[in-house]
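Trainee: Protein sequence lines, in the order shown, are assigned to chains A and U. Using our numbering, the first residue of the first sequence is number 1, and each one after it goes up by one. Using our numbering, the first residue of the second sequence is number 1, and each one after it goes up by one.
Everything labelled a hint here was simulated from the structure, so no lab data went into it. Wrong hints could be hidden among the right ones.
As the list claims (entries may be wrong) - Label pairs and their in silico Cβ distance ranges: (1) A:G108 x U:D63: 36 to 42 Å; (2) U:H61 x A:G138: 51 to 57 Å; (3) U:V85 x A:R307: 55 to 61 Å.
Ideal Cβ positions, reconstructed from N, Cα and C, are used throughout, including at glycine.
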Amino acid sequence: MTVLRDVVALTLDPDRADVHLPSGEQWDEVWADARDERTVAVFAQALHEGRVHGSEAQRATIVQEHEDAMRACLRLERVALDLIADLEVAGIETRLLKGAATARLDYGNPSWRSFGDVDLLVRSRDYDAAVERFRSDGARRRSEEPRPGFDRRFGKGVCLIRSDGVQIDLHRTLASGPFGLTVEPDALFDSGESVTIGDQSVPALDRDLRFLHACFHAVLGDFPPRLTSLRDVAQLLGTGRVDLDRVRAIACRWRAGVVIASAVASAWTTFALHRTPAIDWAFTYVPSRYERTALAAYLGSGRSYARQMVAAIPAISGLGAKVTYASALLFADGSYVARRDGGYVRRLRRAALGGIDARVPR
Amino acid sequence: MIVRASGAIWRTGDFGVVVLGTAAHEPVTLAGTGVAIWDALARPCRRVELVEVLASHFAAHRDEVARDVAPVLDELLAGGVLEVVS
Chain A
1 MTVLRDVVAL TLDPDRADVH LPSGEQWDEV WADARDERTV AVFAQALHEG
51 RVHGSEAQRA TIVQEHEDAM RACLRLERVA LDLIADLEVA GIETRLLKGA
101 ATARLDYGNP SWRSFGDVDL LVRSRDYDAA VERFRSDGAR RRSEEPRPGF
151 DRRFGKGVCL IRSDGVQIDL HRTLASGPFG LTVEPDALFD SGESVTIGDQ
201 SVPALDRDLR FLHACFHAVL GDFPPRLTSL RDVAQLLGTG RVDLDRVRAI
251 ACRWRAGVVI ASAVASAWTT FALHRTPAID WAFTYVPSRY ERTALAAYLG
301 SGRSYARQMV AAIPAISGLG AKVTYASALL FADGSYVARR DGGYVRRLRR
351 AALGGIDARV PR
Chain U
1 MIVRASGAIW RTGDFGVVVL GTAAHEPVTL AGTGVAIWDA LARPCRRVEL
51 VEVLASHFAA HRDEVARDVA PVLDELLAGG VLEVVS
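Model the full structure from these sequences, guided by the hints.
Mentor: Rendered as structure tokens:
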């Protein structure tokens, strides 16, 4: 991973030393990691800029796989345009999220930021209609919701697979679990920025919200964080155009300051980037008790979907909503249970052992 | 005059240029001469002017370039990679 980190870092820091690629099995491992970490485009950028050096065969591999990745991105952009237009006809407002938006808005050249799916945000009130619209077009849900209406009220969203294999991540908020529930989903539509794809302009989050989302994804998505997610955090902040004061104010309102601090500190540590006073804030941030507990559900060996669901209970306002939430998880539809937990017996056993406690709502 | 189609989307790299035209389902990869055509057509250009540019760039005879480029342009126009403008 060291070579991988060094290659990503040199695309963020012009003063970083060039990287000489290893050979043989070491190279095979590096390249396998590069693909897993979705950093093929980063290698292509570094190669293009003359910052990595390797054999002709290594160069050919990087260039070929970069071409494949870019072809895939173009297909996904076409799908995104079609989906957004279709939803617009139905009166459903959207925001294009993550790679498809950030590649064009936050990187000097979109060719240096690949992505593998289409991420769209819709308002909670439009969520079910959007899901049904995609399903009627042949897309299938990758996972069921615990109870009808659960996702619209408590969930992050759903992953839908189209008949052509394209994955659509339909979001109504920015994360699953507690931090997703403290986000104000409608506020994500209060502002926006257009991303131009071909001759069309489609709405994306504004820059500060894109940065917030990048932080959420880096810290609350995969564990350990993917290098490409941390790169987005560093890339966005490195533009100098993110209003950190506004970001911190929003994160504070969402009880998610720790997510931003953790993302920035992780990115700067992982890539050994130069720390400035603005960045030091992230290293000295003191999370609240709520933030510590909530964050723990996303990190380390104890990370699990069920743990995030339980940790979300304090973030739900009102006794009635807490009861609805806990009941939906305890008495979920069979198809959901079978996929997530393997069955009612195991689920009830976990509940009995303290995993999901029906007495929690107070 | 011919120009890059306004609705075409593309990416660049050391492989050349991949473009998804407005009338195509699959992107095409432009390499070598194809990249030179793509670069030249960032602005509207008459066929004859394009041939001049390419002939000069590749130090080749205009008739030869014209013969080689014509089917490429036709294919790219059909795929919505390029478009005709007045």
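Trainee: Now look at each hint and say whether the structure bears it out.
Mentor: Verification of the supplied hints:
1. Checking the proposed 36 to 42 Å range against A:G108 and U:D63 shows it holds: the Cβ atoms sit about 40 Å from each other.
2. One distance hint, 51 to 57 Å for the beta-carbon pair U:H61 and A:G138, holds here, with the actual separation near 53 Å.
3. The hinted range of 55 to 61 Å is satisfied by U:V85 and A:R307, whose Cβ atoms lie roughly 58 Å apart.
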